[in-house]
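Enquirer: Same order as they appear, the protein sequences are chains Y and S. Note that my numbering numbers the first sequence so that position 75 is 75, with each residue one more than the last. Note that my numbering numbers the second sequence so that position 124 is 124, with each residue one more than the last.
Be aware that a few hints might be false.
Unchecked claim - In silico DSS-like cross-links for lysine-lysine, where the CA-CA straight-line distance does not exceed 25 Å:
1) Lys42/S / Lys133/S
2) Lys212/S / Lys228/S
3) Lys355/Y / Lys440/Y
4) Lys149/S / Lys212/S
5) Lys192/S / Lys202/S
6) Lys94/Y / Lys311/Y
7) Lys14/S / Lys466/Y
8) Lys380/Y / Lys14/S
9) Lys379/Y / Lys14/S
To be verified - Some, not all, of what chain Y presents toward chain S, calculated at C-beta under 10 Å:
10) Pro360
11) His361
12) Met364
13) Ser369
14) Leu370
15) Ile371
16) Tyr422
17) Arg423
18) Glu425
19) Val426
20) Thr455
21) His456
22) Ser457
To be verified - Some chain S residues judged to face chain Y by a derived CB distance under 7 Å, without partners named:
23) Ser10
24) Arg15
25) Asn57
26) Asn59
27) Tyr83
28) Pro102
Because the hints were derived from the structure by calculation, they are not lab data. A virtual CB, placed ideally from N, CA and C, is assigned to each residue, including glycine.
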Amino acid sequence: MFKRYETVFKIGDQQGWAAKSWNDEDWKSGRFVVDGGRVFWSRTKIDILKAPESLHPYGLQLHAYGEYEVFWDGVLIGKNGNPGQEELLGPEGKMWATFSIPTHLTEAGEHLLALRSSLHSFPNHTRIEELDIAYYDDLLTDRLIESSYMHLFAGAFLIAAFYFLFLFLSDKKEYAMLIFSISCFLFFLLILAEFIKAYVPIHYSLHVVRLQVIGILMLGISFLIPFYFSMQFPFPKRKLLLIIYAGILLFIFLTKYDYFELTANNMALSMWLFSFGIAVFGGYRKMKGARLVLLALLLSVLISFVASFNKSLFGGFSLILLSMFYLLSLRIKEQRLAYETSLVQSTRLRLELLKKNIQPHFLMNTLTSLIDWVEESPKKGVLFIEALAKEFDLFNQIEDQTLIPIAQEIALCRAHIEVMTYRKEVNYFWEEEGIDPEQKIPPAILHTLLENGITHSLPLEDNSVKFKLVFESNSECRCFTFFTFAAGARQASEDRDEGTGLKYIKARLTESYHSNWDFTSEPTNHGWKNVLKIYS
Amino acid sequence: MNVLIVEDESRIAKRIERMTRDILGNDLHFLTHINTLHEALKFIENSSLDFVLLDLNLNGESGFDLLTTAVSESFHTIVISAYQDQAITAFEYGVLDFVPKPFNRGRLEQAFNRAITKEKTAANKVRFLAVKKRQRIQLIPIEDLLFIKGAGVYTELFLTDGTKELHDKSLEKLEQLLSPTFERVHKSYLLKVSEVREIIVKPGSKYMAELKNGALIPIGRTKYRDIKAKWL
Numbered sequence: 001m002f003k004r005y006e007t008v009f010k011i012g013d014q015q016g017w018a019a020k021s022w023n024d025e026d027w028k029s030g031r032f033v034v035d036g037g038r039v040f041w042s043r044t045k046i047d048i049l050k051a052p053e054s055l056h057p058y059g060l061q062l063h064a065y066g067e068y069e070v071f072w073d074g075v076l077i078g079k080n081g082n083p084g085q086e087e088l089l090g091p092e093g094k095m096w097a098t099f100s101i102p103t104h105l106t107e108a109g110e111h112l113l114a115l116r117s118s119l120h121s122f123p124n125h126t127r128i129e130e131l132d133i134a135y136y137d138d139l140l141t142d143r144l145i146e147s148s149y150m151h152l153f154a155g156a157f158l159i160a161a162f163y164f165l166f167l168f169l170s171d172k173k174e175y176a177m178l179i180f181s182i183s184c185f186l187f188f189l190l191i192l193a194e195f196i197k198a199y200v201p202i203h204y205s206l207h208v209v210r211l212q213v214i215g216i217l218m219l220g221i222s223f224l225i226p227f228y229f230s231m232q233f234p235f236p237k238r239k240l241l242l243i244i245y246a247g248i249l250l251f252i253f254l255t256k257y258d259y260f261e262l263t264a265n266n267m268a269l270s271m272w273l274f275s276f277g278i279a280v281f282g283g284y285r286k287m288k289g290a291r292l293v294l295l296a297l298l299l300s301v302l303i304s305f306v307a308s309f310n311k312s313l314f315g316g317f318s319l320i321l322l323s324m325f326y327l328l329s330l331r332i333k334e335q336r337l338a339y340e341t342s343l344v345q346s347t348r349l350r351l352e353l354l355k356k357n358i359q360p361h362f363l364m365n366t367l368t369s370l371i372d373w374v375e376e377s378p379k380k381g382v383l384f385i386e387a388l389a390k391e392f393d394l395f396n397q398i399e400d401q402t403l404i405p406i407a408q409e410i411a412l413c414r415a416h417i418e419v420m421t422y423r424k425e426v427n428y429f430w431e432e433e434g435i436d437p438e439q440k441i442p443p444a445i446l447h448t449l450l451e452n453g454i455t456h457s458l459p460l461e462d463n464s465v466k467f468k469l470v471f472e473s474n475s476e477c478r479c480f481t482f483f484t485f486a487a488g489a490r491q492a493s494e495d496r497d498e499g500t501g502l503k504y505i506k507a508r509l510t511e512s513y514h515s516n517w518d519f520t521s522e523p524t525n526h527g528w529k530n531v532l533k534i535y536s
Numbered sequence: 001m002n003v004l005i006v007e008d009e010s011r012i013a014k015r016i017e018r019m020t021r022d023i024l025g026n027d028l029h030f031l032t033h034i035n036t037l038h039e040a041l042k043f044i045e046n047s048s049l050d051f052v053l054l055d056l057n058l059n060g061e062s063g064f065d066l067l068t069t070a071v072s073e074s075f076h077t078i079v080i081s082a083y084q085d086q087a088i089t090a091f092e093y094g095v096l097d098f099v100p101k102p103f104n105r106g107r108l109e110q111a112f113n114r115a116i117t118k119e120k121t122a123a124n125k126v127r128f129l130a131v132k133k134r135q136r137i138q139l140i141p142i143e144d145l146l147f148i149k150g151a152g153v154y155t156e157l158f159l160t161d162g163t164k165e166l167h168d169k170s171l172e173k174l175e176q177l178l179s180p181t182f183e184r185v186h187k188s189y190l191l192k193v194s195e196v197r198e199i200i201v202k203p204g205s206k207y208m209a210e211l212k213n214g215a216l217i218p219i220g221r222t223k224y225r226d227i228k229a230k231w232l
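Let the sequences and hints guide you as you build the complete structure.
Expert: Here it is, written out as structure tokens:
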């Protein structure tokens, strides 16, 4: 639509310099310094290639440092601040300004843009960063449309940031969620900082502040993304490598401080390289999600080849953040599955505990003996019923708990012994040593050992079987030792009762202590010995 | 009669013992109680018994080992167990009755009566006959069995593959267990009714059943009428 020629500058102030016909052959091109807020002029020859449609004026958009007046073919068409009076009147105007050009001055052919400027804040920034001529309406709306899309995008990341922040607050151990939340928030700020120029007037003196903010945001994101990946795909010497990486980033950030774009580029590149290294390691170790992250990283490179720096930066970051999101969703799914499994497991254990009381072997044999006692000796029968009621009652109390005081468990064992005495007519004895009644233990563990002891042993010559529970504890672990003193004690582990009993004990221990326990069961020359160690 | 009780719960064992003495009265010649599987197996080997009353879960061990041994012997086995779900399996192995716990005198008496009055088991559930081989017990599926011939206190099992096996139970006891699939056609023969192809009348009022494999089995004169009615 138009062709721009080189801009030439001259320090000084003459109204005539605005004229299209002024001879500017002796004016300077390139950069130079204008200090003290002195007025200088710049002239830029422009060829308009095609006249606008009728009633549709062209506009001129400038991205330039300084406060200035705009002359088009010698006619003043706009004003951005007060050139030459900056100190006096204070900052005014904005870095990105749009002016409409009178229709009669936009026919095809040669035109001249002259700016009467002053640069109080950045005397060495005598240049027009960007210049665009298009339909005035389009110039105004295009940037707004672009920003509105980018803000939609930013909003999505803001919501993600809040969502994962709340998730983290509800479970403070999930640092990956916190990191992801912060990354999303920084990315949200980065988009805002980048596109704020479309609707908030920023004075040229503040432009650097904006670039510094963008730089700091980039620094944060460039560190957090690989940090996040390092949490998801842990690698050896993680801390050391992260510290080195942070050092490199800081170095990039602090040197070449004024070349904002170069700094951003270098940080983005380091971020990419380090993340790629981590993802390759994760992929090599076949960690879940590593391949997808690798793919996202490679795609972001592809974007950087086809799109401009700005677009590839946002496109690439978005892709990487999405892959981080995916990793989180994988982890959340894993956690949910683990949680569901644990729910099923604890329900199963509860049922198992309930079943102990109603399984036919216990119930029917007990009832048979009971009938016999009632028929033969009603008084003893009543005592037997009371003992049975006590055992049932104790079972009811512990039925829905995962840990109970040892005193309660011992009471349960004693009740069981009483019941079994009536059934088997063997003298069972219970002894304990070093018991701390406040100690907790999963329900019916000792009861199961006792049951096994009664089932699998024959009485000694004096028709007795003795059980002994010993408790010891030290700084490392708590230790319960359960002895059976009997004749012919044996254990058939493949046997169905025995098997389920041991499985129950192990499942209960895992439920409450994960892997911090140890259980052994072995014959001795006087009977049987079970040792249960719970590590702290 | 000689009775062995295998039960590891002393109170229940005493109950069974008391009731058995009561039910059998003067017919009871000998009764003992054993509470481990191992001792029971040893005892069975060296004694002549009429009944074994067996609990299927002894000291946490499955009594099915003992069950297969017991059913291969000449005596009848009555299972007394808390596990009602094991009843079908027990019947398949050829026990005379399954008494679920808790039980009373009436139920136990019913089990004994089954043997004493030679009442036939209502529905035939036996799927195997256990046969003692050298050092092991072999289970022979009932569908492999054609007919059984009494041989003194033993019986001979004739199988579809043409072989025969010796079994320790008497023809009377087997008749009890295998009815109504098998019919006592002769004082020495128990015959699978479905295997009969034809009944041949020989001169001199001699009756023979011809089986599908061509074997000829004599039919007792007194039994002929019943058999014919059933078969037709």
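Enquirer: Compare the structure with each hint and give your call.
Expert: Hints versus structure:
Pair hint Lys42/S plus Lys133/S holds up; C-alpha atoms about 17 Å apart against a cutoff of 25 Å. Distance check on the hinted pair: Lys212/S and Lys228/S sit about 17 Å apart at the alpha-carbon level, within 25 Å; holds. A hinted pair counts as satisfied when its Cα atoms are at most 25 Å apart, and Lys355/Y with Lys440/Y qualifies at roughly 22 Å. This hinted pair checks out: Lys149/S and Lys212/S have alpha carbons roughly 17 Å apart, not beyond 25 Å.
About 21 Å separates the Cα atoms of Lys192/S and Lys202/S, which keeps this hinted pair within 25 Å; it holds. Simply put, Lys94/Y and Lys311/Y have alpha-carbon atoms about 24 Å apart, close enough for the 25 Å limit, and the pair holds. Under the criterion of a C-alpha separation no larger than 25 Å, the hint pairing Lys14/S with Lys466/Y is consistent with the structure, at around 24 Å. Simply put, Lys380/Y and Lys14/S have alpha-carbon atoms about 16 Å apart, close enough for the 25 Å limit, and the pair holds.
Between Lys379/Y and Lys14/S the CA atoms are separated by roughly 18 Å; this keeps the pair inside 25 Å, and the hint holds. With a least beta-carbon distance of about 4 Å to chain S, the hint placing Pro360/Y at the interface is held under the 10 Å criterion. Residue-level restraint check for His361/Y holds (minimum Cβ-Cβ distance to chain S is 5 Å; threshold 10 Å). The interface hint given for Met364/Y is met, as the beta carbon of that residue sits about 3 Å from the closest beta carbon of chain S, less than 10 Å.
For the restraint placing Ser369/Y at the interface with chain S, the shortest Cβ-Cβ distance is roughly 4 Å, inside the 10 Å limit, so the hint holds. A hinted interface residue such as Leu370/Y counts as satisfied when its beta carbon comes closer than 10 Å to some beta carbon of chain S; here the least separation is about 8 Å, so the hint holds. At its closest, the beta carbon of Ile371/Y sits 5 Å from a beta carbon of chain S; the interface hint therefore holds under the 10 Å criterion. With a cut of 10 Å, the hint placing Tyr422/Y at the interface with chain S holds, because the nearest CB-to-CB distance is about 7 Å.
Against a cut-off of 10 Å between C-beta atoms, the interface hint on Arg423/Y holds, since the closest Cβ of chain S lies about 5 Å away. Here the hint on Glu425/Y is kept, as its CB sits about 4 Å from the closest CB of chain S, short of 10 Å. Annotation: Val426/Y was flagged as interfacial toward chain S, and the flag holds, the nearest CB pair being 7 Å apart, inside 10 Å. Hint status for Thr455/Y relative to chain S: holds, with the closest Cβ pair at about 4 Å, below 10 Å.
A distance limit of 10 Å between C-beta atoms decides the matter here; for His456/Y the minimum to chain S is near 5 Å, and the interface restraint holds. The restraint placing Ser457/Y at the interface with chain S holds, with a minimum CB-CB distance near 8 Å, inside the 10 Å limit. The restraint placing Ser10/S at the interface with chain Y holds, with a minimum CB-CB distance near 4 Å, inside the 7 Å limit. Residue-level restraint check for Arg15/S holds (minimum Cβ-Cβ distance to chain Y is 4 Å; threshold 7 Å).
Because the closest C-beta pair between Asn57/S and chain Y is about 6 Å apart, less than 7 Å, the hint holds. With 7 Å as the threshold, the beta carbon of Asn59/S comes within range of chain Y, its nearest partner Cβ sitting at about 6 Å, so the hint holds. For Tyr83/S, the interface hint holds, the least distance from its beta-carbon to any beta-carbon of chain Y being 5 Å, beneath 7 Å. Annotation: interface hint on Pro102/S holds; nearest CB of chain Y at approximately 4 Å, less than 7 Å.
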